[in-house]
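> Once you've looked at the hints, go ahead and assemble the two chains, each given alone in its own frame, into the complex.
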Amino acid sequence: MSHIRKKLVLVGNGMAGVRAIEHLLKLSPEAYEITIFGSEPHPNYNRIMLSSVLAGGTSMEEIVINDLEWYHSHGIRLYMGHTITKIDTVQRKVFSDQGVVLPYDELILATGSNPFMLPLPGADKEGVIAFRDIKDCQMMQETSQTYRKAVVIGGGLLGLEAARGLLHLGMEVSVVHIHPYIMERQLDEPASIMLRKELEEQGMKFLLSKQSEAILGKKRVKSLLFADGEVAEADLIVMAVGIKPNVELAQKSGVEINRGIIVNDFMETNIPGIYAVGECAEHRGIAYGLVAPLYEQGAVLAKRLAQVATEGYSGSVTSTKLKVSGVDVFSAGQFIERPGTRALRYQDEIDGVYKKLVIKDDKLVGAVLFGDTGDGAQLFSMIKNGENIKGKEKELLLGLSSDALASPKGNRLEGMADDEIICGCNGVSKGAIAEAIQSGGCTSVGQIKACTKASASCGGCKPLVEGLLQLYAGDHVVTVKEGICGCTTLGRDEIVAEIKRMELKTVKEVMNVLEWNNEEGCPKCRPSLNYYLGMLWPEEYVDEKESRITNERYHANIQKDGTYSVVPRIYGGVTSPAELMKIAEVAAKFDVPLVKFTGGQRLDLLGVKKEDLPKMWEELDMPSGHAYGKTLRTVKTCVGSTFCRFGTQDAMGMGIKLEKAFERLNTPGKVKLAVSGCPRNCAEATIKDFGVVAIDGGWELHIGGNGGVHVRATDLLCVVKTDDEVMEWASAFLQYYRENAGWNERTAQWVERVGLDSIKAALEVREDRLALQERIQTALSLTTDPWKQIVNEPELRKNFEQLSEMKTVLEGEAI
Amino acid sequence: MTMTKILVGKVTDIDMKGSRTVRMGDKEIGLFRLSDGEVLAVENKCPHKGGVLSEGMVCGSKVHCPLHDWRIDLHSGAVQAPDHGHVVTYEVEVDRSTGSIYLTLEGSL
Ligand SMILES: Cc1cc2nc3c(=O)[nH]c(=O)nc-3n(C[C@H](O)[C@H](O)[C@H](O)COP(=O)(O)OP(=O)(O)OC[C@H]3O[C@@H](n4cnc5c(N)ncnc54)[C@H](O)[C@@H]3O)c2cc1C
Ligand code: SF4
Ligand code: FES
Numbered sequence: 001m002s003h004i005r006k007k008l009v010l011v012g013n014g015m016a017g018v019r020a021i022e023h024l025l026k027l028s029p030e031a032y033e034i035t036i037f038g039s040e041p042h043p044n045y046n047r048i049m050l051s052s053v054l055a056g057g058t059s060m061e062e063i064v065i066n067d068l069e070w071y072h073s074h075g076i077r078l079y080m081g082h083t084i085t086k087i088d089t090v091q092r093k094v095f096s097d098q099g100v101v102l103p104y105d106e107l108i109l110a111t112g113s114n115p116f117m118l119p120l121p122g123a124d125k126e127g128v129i130a131f132r133d134i135k136d137c138q139m140m141q142e143t144s145q146t147y148r149k150a151v152v153i154g155g156g157l158l159g160l161e162a163a164r165g166l167l168h169l170g171m172e173v174s175v176v177h178i179h180p181y182i183m184e185r186q187l188d189e190p191a192s193i194m195l196r197k198e199l200e201e202q203g204m205k206f207l208l209s210k211q212s213e214a215i216l217g218k219k220r221v222k223s224l225l226f227a228d229g230e231v232a233e234a235d236l237i238v239m240a241v242g243i244k245p246n247v248e249l250a251q252k253s254g255v256e257i258n259r260g261i262i263v264n265d266f267m268e269t270n271i272p273g274i275y276a277v278g279e280c281a282e283h284r285g286i287a288y289g290l291v292a293p294l295y296e297q298g299a300v301l302a303k304r305l306a307q308v309a310t311e312g313y314s315g316s317v318t319s320t321k322l323k324v325s326g327v328d329v330f331s332a333g334q335f336i337e338r339p340g341t342r343a344l345r346y347q348d349e350i351d352g353v354y355k356k357l358v359i360k361d362d363k364l365v366g367a368v369l370f371g372d373t374g375d376g377a378q379l380f381s382m383i384k385n386g387e388n389i390k391g392k393e394k395e396l397l398l399g400l401s402s403d404a405l406a407s408p409k410g411n412r413l414e415g416m417a418d419d420e421i422i423c424g425c426n427g428v429s430k431g432a433i434a435e436a437i438q439s440g441g442c443t444s445v446g447q448i449k450a451c452t453k454a455s456a457s458c459g460g461c462k463p464l465v466e467g468l469l470q471l472y473a474g475d476h477v478v479t480v481k482e483g484i485c486g487c488t489t490l491g492r493d494e495i496v497a498e499i500k501r502m503e504l505k506t507v508k509e510v511m512n513v514l515e516w517n518n519e520e521g522c523p524k525c526r527p528s529l530n531y532y533l534g535m536l537w538p539e540e541y542v543d544e545k546e547s548r549i550t551n552e553r554y555h556a557n558i559q560k561d562g563t564y565s566v567v568p569r570i571y572g573g574v575t576s577p578a579e580l581m582k583i584a585e586v587a588a589k590f591d592v593p594l595v596k597f598t599g600g601q602r603l604d605l606l607g608v609k610k611e612d613l614p615k616m617w618e619e620l621d622m623p624s625g626h627a628y629g630k631t632l633r634t635v636k637t638c639v640g641s642t643f644c645r646f647g648t649q650d651a652m653g654m655g656i657k658l659e660k661a662f663e664r665l666n667t668p669g670k671v672k673l674a675v676s677g678c679p680r681n682c683a684e685a686t687i688k689d690f691g692v693v694a695i696d697g698g699w700e701l702h703i704g705g706n707g708g709v710h711v712r713a714t715d716l717l718c719v720v721k722t723d724d725e726v727m728e729w730a731s732a733f734l735q736y737y738r739e740n741a742g743w744n745e746r747t748a749q750w751v752e753r754v755g756l757d758s759i760k761a762a763l764e765v766r767e768d769r770l771a772l773q774e775r776i777q778t779a780l781s782l783t784t785d786p787w788k789q790i791v792n793e794p795e796l797r798k799n800f801e802q803l804s805e806m807k808t809v810l811e812g813e814a815i
Numbered sequence: 001m002t003m004t005k006i007l008v009g010k011v012t013d014i015d016m017k018g019s020r021t022v023r024m025g026d027k028e029i030g031l032f033r034l035s036d037g038e039v040l041a042v043e044n045k046c047p048h049k050g051g052v053l054s055e056g057m058v059c060g061s062k063v064h065c066p067l068h069d070w071r072i073d074l075h076s077g078a079v080q081a082p083d084h085g086h087v088v089t090y091e092v093e094v095d096r097s098t099g100s101i102y103l104t105l106e107g108s109l
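As you go down the protein sequences, you meet chains S and D in turn. Just so you know, the first sequence maps onto residues 1 to 815 in my numbering. Just so you know, the second sequence maps onto residues 1 to 109 in my numbering.
Isolated chain D, as found in the complex (with noise of 0.2 Å):
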């Protein structure tokens, strides 16, 4: 299958248990960066009834979702007990020596 690694900005532009967007085509994405540095990308809309995951709180590596306070993983997209379901998730690269961040997409644009 063809991926496609795209740039999308610095691990600077996030803040600290922060979160920021991008536009891929009818897709939105939900950047986030965990307290440890790490950032982690799911589509940024809960399973739900559709919340807008980048506004919720990040606690830990979950996010929280604003409208009714679902918890999703943001390393597997799984929503925690005891509500159910998933978000997909996307897998991003953080370049250690520039702080490039780099998402990397199924299919060409």
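In isolation and in its complexed conformation, chain S is listed as follows (with noise of 0.2 Å):
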């Protein structure tokens, strides 16, 4: 470009004023000369996320949405660390508490808030402290390392938030409230009352309708002191009790302010060229304080600033949600009944769910839900909307039918306006995410997900991308066909029938033919081709160790740590004191930090080192115990009629001998089976991929259970008497599943998604039963011990060991 970029800076290197500035290098990349400065010694962070810090599973690296080389490669100047303090508004210069001054065309202020402190007598003391960026959070965590007691000051969302973080560290956490109810401004009284029930199930404790008067302590707090002459004792003190926007330097600099800095629609202040956005920004009387606003400002001023046509900004209905794992709660608009609303409750408290919409001139105003939140942002999109619910009140508060949204909800989602946000967490807006689909190609949520991080976050906007998707992808049905992953668009069904029609024998060949578009896969395709070609050709077929996952590949579960863990095989569960004193020696031996029971009765060797895991499988010298793998990984019994009195059948026996004929099968997914030895079940069959059920004379048997995350009960496939039977219907089973499920698909998974009668009809007819066996035995008949064949072969056992530094060639001087 020829002319002089006109230059522009950013004071609050924040979440609302970096997100304006994404938005203008979209919409006009070349049209200022940008610098940024920011008080925090920190690139731009998802403060949001500060929640999840907290709480754990998320690290502080993970929250950065803007790392340096972001401002690096599109030329922008960052100045961290740096407070701007003083602003000449009539010779346009900024000046930092650093000694640097620097010209501006156009200034945008996003400074923030402040948290608001209470000014106690004793605030100034150590270990009281706000929650608000980087620093208050390393605090918490560096507090938890050495002191106990945790007092929360302020029962709102911030403040809960604060405290299940700060109860995930290992503190005793008590909230402190003013009000009688904790987050009163978001919640009704039932609301809130099944909100502090739950959280006080985890663990928290609660000081309501209580008036703080002091902080007592020494140097450090040492206790809370409340108007009513009671104490709370206190080794850290979080104030939570509200933010105050930040307008200082815009106050000092003549800029007009109010309880924020004074903006018209277009984000502009009383003087010329200078802008504010985000939480320092007052609008029609209004300061937000969560992001989606700040985001909508932020996309105006970005227009504004690229000379982009707007009709400016106009205010926002916000909704919230609370950040707590094991707790849903959202509120949305004006869920206080007014004169002139009606309302609509649902409360159950047996399943601790409670729904109430609030309703005017036929239109939802606000809604409040606990327990079962995923119409929430079905129910928001609704109340910005507008749109009328007359006839449907009833409907929407027992859930949304798929009916009741099918055309209303891509209408709504339809005329949302492009900047929209719909993702809060990461700011993506709605046009966002359409171009993803309509020019990035993306056909599924996750794909959206790694194309724009829209839902990758707290998930609740999941409901409305996948809307979007359908709005925009669903004409061409044909491109979003989704593929087993982002290399293909083929689905596994497809997969399967080609590379047996085509007579395709290795990965490579089934890429090459089928078109792969990602030269090698990617680690979904890769391990599932291996598993379908070894499934469909198990004669011919040579295992590509290098498409399987870390723990197949190693014959171990790698640990958080990076080592490894050894499940010998303990057929059925029944060992011997030859060799629990086996397992005993080599776990001394090789020092293994932790023995324990698995839930599937094995005992688990944990915190092997990689190098040693050869060693200690050849000194135990039993086989693998495939406790990493898509495979059969254990059989879980009761002792039975063997030593039972209630037992009917040989529970441990009929154990032994699944174990023993399925071990080291290949499956979709991993398989556990139980056998217990009568009605009692105390083997929980009914929750295992095969459970096997002893009654007077014969067995039940029970497929497509599982205890995990999504705990499912078994369905009765049908009741056999002989043991012979039992094989018989098991191998069919097992083998009918590893040729119909996709990989990774779960048994439970795979029979909800095709139908109990459908597996039923399958092995209806013995006939059919017994190829079915027939081809697993054909397939057994093929394993080996993995253990054993490392042990015995230097090329697969070297794969275990570093390679070292053999010499030391050169070592001079170069350039």
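Incorrect hints may have been included.
As the list claims (entries may be wrong) - In silico lysine-lysine, DSSO-like type, Cα no more than 30 Å apart, as pairs:
hint	chain 1	residue 1	chain 2	residue 2
1	S	K453	D	K45
2	D	K5	S	K462
3	S	K500	D	K17
4	S	K6	S	K125
5	S	K609	D	K5
6	D	K49	S	K610
7	S	K615	D	K27
8	S	K670	D	K45
9	S	K545	D	K45
10	S	K788	D	K17
As the list claims (entries may be wrong) - Computed beta-carbon distance windows for the label pairs:
hint	chain 1	residue 1	chain 2	residue 2	range
11	S	E540	D	A81	37 to 45 Å
12	S	Q438	D	K10	30 to 38 Å
13	S	G99	D	H68	26 to 34 Å
14	D	T98	S	A497	45 to 53 Å
15	S	H74	D	Q80	43 to 51 Å
Honestly, the hints are just simulated from the structure, not real lab data. Backbone N, C-alpha and C define an ideal beta-carbon position, used for all residues, glycine too.
Right, dumping it as structure tokens:
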């Protein structure tokens, strides 16, 4: 560009300001020479996610939104750790506390808010902090290492999230609230009470209707004194009683303020060339404290600066979601009944669900959801849209049926402005998602997530993302076909059919012939193809080790610290003193830090170094327990008729027989079996992939159970009389599963997907069962014990060892 | 700057599309053998959360971190979109006649 670029300066390197810059760069990448000043010594990070950092599961690095490379690659000059202390609005210059003076043509103030600190006597003591930035978060983490008692003042969103985080850090936490109900600004009484009970169950204590009076202690806080004379002990006090817009700089510089910096619909302040966005800005009397409105403001400002037409910002309806795991709370709009409104309520204290909708003039104006917030996103968009819901009220309350949603949802999303934010956590607009679908070729929520990060954090917006996917990809049904991964548009069944039809015999061949669009695939399709090929051509296909996931490659489970665990096979969970002694000897010899019984009745030796694995296997001289793979894991048994007075059959014998028959089998997902000696079912067979329960004179065969995240009880497949029949049906069922399920699909999901009846029908005829049994036996006959194999083959064993420096060849000066 | 060239093994020590590691001082380096025979070396630690890259799957000239599937280009060390970041890469030389792998490191040992 030939003309001189105008100078744009942003004060405040936070979520709202940088978001506006990102938007501006999209609209008009060359228009400005951009400089950003930020007090915090960090690039722009996702403040919202501080709660998740505290609560565990997210690291500080992960919450960075724009890393330094981003600033660099967009030619943005960044002054981290610089606070602007003065603006010369006449000469158009800003001054930083580190002595930098810079002229500007346009200036954005995005200074955010300051936490409101109660002016209590003693509030300046050590151990009294707010919850606002990385520094606060680190302080809490540090404090929790040496101190025990935390008090959070403020039972609002922020306070509760801080309290949850402190609990996670192992502190005893009390939440002090001035009102009798927590989160009274977002919830009505019933929901508030349900929430409190839930949090109490998680270990939080509450001190309600309490007025804080003074903070006691010498140098460091010791306790908190209340107006009623009571005292709460505290080693740490977190104040989360509210925020106030940070207007100091603006005020000093003569920019008009009220509570916040006053802006018009175009985010302009009273001084030409100066704009304000974010929590520091006050628009039509409101200073917002949530990101979605700030992002909307940022979009308007970006258009203004890029000289793109915009209708301006007209305010936002906000919704909130508490980011505390195990509790789902949602609230939006005007959720307390006022004159002229009507409310619908649904309360279920058994499942802990509460819903309330507030309706005015046949329109939804507010909602509170507790326990089941799945409809939150849709309800919120109805509130914003103001559509007429007459006649649908009850349906909305009791759960949005697909019917109620089908057309209106489409319309609602269609009518939504492009820069409206869909994913609040990551600031992804409708437009960005639409673009990802239309030009980016995204055809699934997963791909949209990968491409835009929408729905990647709290997941609350997933229904809307799904809606947009339908809206924009729905017409091109052909192109949106969901492949097994990003490398292909073909689904599992198509791939398996093509492999069979064209007799494809290697992973590479499949990828070439079926026109994979990523050379050598990805960690999703490679293991799937490896599985399908092995299942289809058991005799010819050579398993591709490099296409297996880590655990299956090393035949051990990798633990979070990079060590591995060793679980030897103990058939049916029945062992002997000699075997136990051997295990104990090996564990002692290799200094195994932890020995544990698993849920599947096995012994787990944890904390083993990778290079020790083959040596341990060699000394154990027991078969691999396959505790790491998509294969038969364990057959759990009860003692059955051998010892139990209720037992009707030999459960242990049956379990051992099954385990010996099916060990080493490759399956789409892991497979767990159990055998109980009577319907008391002590081996918990009804949450297993294949469960066998003895009855008087026979066996019940159960399938499709799961005890994991989504517990599913089994369906009864049939009742048989003899042991041989058990083996026949188990073989047929497992082989049918192997031949028909998708890779990584557990039996529970598979049974739900294809339906119990279809499986029953496939196994009904004896000839079919025998054919399946024969195929599974072929597959089984070709397996070998992987541990033995590795122990005996140096070519495989080498992968467990590090390379070492053999010699230094050259040491010298280069360049 | 001083450069040190070190013999760490032979091409055949690494499986096709596989990897091995070597420790140099306090650093662990992952050596990867691509399907075209090329051997590349990067710091064996994912910039995301420290996943052990040598245990990831090698697809083309990229390795997928086993922990959260970040994709890292083994030539440049660059993390692929939508994620951002970088790992250190090391110069590798393979003697075609002997199959010896040499690693070049900055600084003397
Ligand atoms: C723990 C926590 C959880 C939250 N959870 C949610 C949530 O779930 N949903 C939601 O919508 N919102 C949530 N919020 C609120 C949300 O984070 C804020 O609304 C948002 O970050 C405000 O953006 P901003 O850019 O206006 O301010 P900030 O992100 O605070 O950025 C302002 C920046 O400007 C800097 N600054 C100030 N003055 C100067 C100066 N003079 N010179 C240079 N730099 C300066 C500040 O240091 C700061 O880095 C949460 C907030 C916190 C603290
Ligand atoms: S399931 Fe029946 S047989 Fe087995 S231990 Fe329990 S009560 Fe005894
Ligand atoms: S640690 Fe590598 S992707 Fe998370």
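> Evaluate each hint against the coordinates.
Evaluated hints:
1. Restraint check for S:K453 and D:K45: satisfied, since their Cα atoms lie roughly 23 Å apart, inside the 30 Å limit.
2. The straight-line distance between the Cα atoms of D:K5 and S:K462 is roughly 52 Å, outside the 30 Å bound, and the hint therefore fails.
3. Restraint check for S:K500 and D:K17: satisfied, since their Cα atoms lie roughly 26 Å apart, inside the 30 Å limit.
4. As the CA atoms of S:K6 and S:K125 are separated by approximately 47 Å, the hinted pair breaks the 30 Å bound.
5. For the proposed pair S:K609 and D:K5, the alpha carbon gap of about 29 Å is at most 30 Å, so the pair holds.
6. At most 30 Å may separate the alpha-carbon atoms for a hinted pair to count; D:K49 and S:K610 meet this at roughly 20 Å.
7. Between S:K615 and D:K27 the CA atoms are separated by roughly 25 Å; this keeps the pair inside 30 Å, and the hint holds.
8. A C-alpha spacing of about 29 Å is found between S:K670 and D:K45, which places the hinted pair at or below 30 Å, so the restraint holds.
9. Our distance criterion of 30 Å between C-alpha atoms is met by S:K545 and D:K45, whose separation comes to about 22 Å.
10. With a CA separation close to 23 Å, the supplied pair S:K788 and D:K17 stays within the 30 Å bound.
11. Between S:E540 and D:A81 the Cβ separation comes to about 39 Å, which falls inside the hinted range of 37 to 45 Å.
12. Between S:Q438 and D:K10 the Cβ separation comes to about 51 Å, which falls outside the hinted range of 30 to 38 Å.
13. At roughly 42 Å, the beta carbons of S:G99 and D:H68 sit outside the given window of 26 to 34 Å.
14. The hinted window of 45 to 53 Å between D:T98 and S:A497 holds, with their beta carbons roughly 47 Å apart.
15. The hinted range of 43 to 51 Å is not satisfied by S:H74 and D:Q80, whose Cβ atoms lie roughly 19 Å apart.
The earlier numbered hints that this structure contradicts are 2, 4, 12, 13, 15.
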